[in-house]
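There are 2 protein chains.
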Amino acid sequence: MTRARPLPPAARAIVSGDRRALARVISQVENREPSAASVARALYPRTGKKPVIGVTGPLGVGKSSVINRLVARLRDLDRTVGVVAVDPSSPYSGGSVLGDRIRFERRVDDAGVFFRSMASRGEVGGIAAATREVTRLLDAAGFDVILVETVGSGQVDLAVRDVATTSVVVLVPHLGDEVQTLKAGLFEIADVFCVNKADLPGADVARRDLAELVGLGGARSGWRPRIVATSTTQPSGIEELWSAIEAHEEFLDRTGARRADERRRVSAEIVELVRERVGRELTRRLEREPELRRWVDRAVERTLDPHTVADRLARALGSR
Amino acid sequence: MTRARPLPPAARAIVSGDRRALARVISQVENREPSAASVARALYPRTGKKPVIGVTGPLGVGKSSVINRLVARLRDLDRTVGVVAVDPSSPYSGGSVLGDRIRFERRVDDAGVFFRSMASRGEVGGIAAATREVTRLLDAAGFDVILVETVGSGQVDLAVRDVATTSVVVLVPHLGDEVQTLKAGLFEIADVFCVNKADLPGADVARRDLAELVGLGGARSGWRPRIVATSTTQPSGIEELWSAIEAHEEFLDRTGARRADERRRVSAEIVELVRERVGRELTRRLEREPELRRWVDRAVERTLDPHTVADRLARALGSR
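Residue numbers (this note's numbering), protein chains in the order written: chain A, 1 to 320; chain B, 1001 to 1320.
Treat the hints with care, since some could be wrong.
[To be verified] Residues from chain B that face chain A, not an exhaustive set, calculated with beta carbons under 7 Å:
#	residue
1	1263
2	1300
3	1302
Quick caveat, the hints were computed from the structure, so don't treat them as lab data.
Even for Gly, the Cβ is constructed at its ideal location relative to N, Cα and C.
Using the sequences and the hints, build the whole thing.
Following this line, the structure appears as structure tokens:
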């Protein structure tokens, strides 16, 4: 059982529905400010019960339109929604244009929707960690459903499974050669395939190809990925998309997979956090301690290779 | 001093110029086969003397054309060249099309050029490590100059400084808003700016803007980034580009920066390798050891947050 401890003021504000406090702490998470850590720790016991729906796929398939329609559908069902969009597009883009676009389409005064796009400078691990913290803040803030959009890079997309309870992969007709590589990557991620732009020619073929591939792949731990065709211009298929997502969420509860998945995610998170701490500490010591500096010197001078040095340091650090 | 140990057969073949052996071991590195590690270790003492030129920049600026021209220039100067192109474009693309294109333009029978494109599935850290190993194989294989091309995602681009002795950032005229974000990211990377497609209107303005920004930034550790305008269609500026690269390489030797940079790179590599080992070991133990499993359970049950668990585990692992 969780012992109730008094919440820090910012955490209390978030729980009570203060959206400005929520936005402020999200910014602190984004900027890796230490103040965010204590809020996140305090709110952690209140998290982990909400569906977190990851929406991923190649650039240009209309992920943000799909999300926009999903949000509208969820509002029709009287569910509140928190959305976080991660833009991994590097130092070059710097953009949160996407976020502004979605916000533009939503009613600004709808308190049942909260949208936030995050820049994603820095290393991928850091982005995944920050995204996870933001989904938890949205969870603690009381939103019924949390949507996470990741854009573009395969690296970040793969991390979606470390955050989401259900992962939706959005594709378009005419996948061409991509289907081949999809097998390797996205089939490990997708709980639901969304064939978007289903009004384009070739949608039926794409759907059939996918169905065949899903059939070949077999059911991952008892769940066979669903395939839904959508169009965001018509719009059509959005209800079916949400039903497929809900079916997966029900599957998680029915089979006990929810707890197993959560365990896998938390375990991976803990490993990553330990790696981070060990790396930070070792970097510091390699700079300061003469004895450790000499190990680096040996690698620089080519008398020992980095793998051998790493083996010895890892052992010296007590990691058997 | 390095004690001479007998080389494993594959390593001996690479050193003696056997290109098929080289290609084979590169594939092993790419697939993380353990056999590659012993070859890499054995060859490590023979590495670290060659210029490794990183070429990076946004998609569509013509990086591969610039590299193609640079290779031709280096061949005119009778220097042999090993090229490795990293394609970070995710599970979706799976492509080494780029590699084929460049290879097409080069004479197939020129033993003085070796080209290899690498898929980049998996996590960014792993790609950076594999790229580093491949540059070392090319180094040990005796190429005079090693070129590393990274495509697209900012995440991987940033890692170029962990591999290259000189980093070239390729841009095009009309950078627009990108210049703002460039300041944050690419100015930390670039030793040389290459304004490509200099035959397009706006090239002079782009060059002047860059010069101004470089002026504002000041010289990083005594080196002020050079700016070169190139066109690969004319072609023009390629000789100047190589001269700028050589000037930086000479600067590294003259000032002792080469050793300091190498120390920074090797140190970062060792930290990453230790992180990897610690992570692997901890993952294993979190699955197997009941006492450690209970720590994960507490986080899953929300009685302890992952940061607190990580703090305790990191301490228990001996990382003070």
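Results of checking the hints against the structure:
{"no.": "1", "hint": "1263", "result": "5 Å, holds"}
{"no.": "2", "hint": "1300", "result": "5 Å, holds"}
{"no.": "3", "hint": "1302", "result": "4 Å, holds"}
Comparing the model with each earlier hint shows no violations; every hint is respected.
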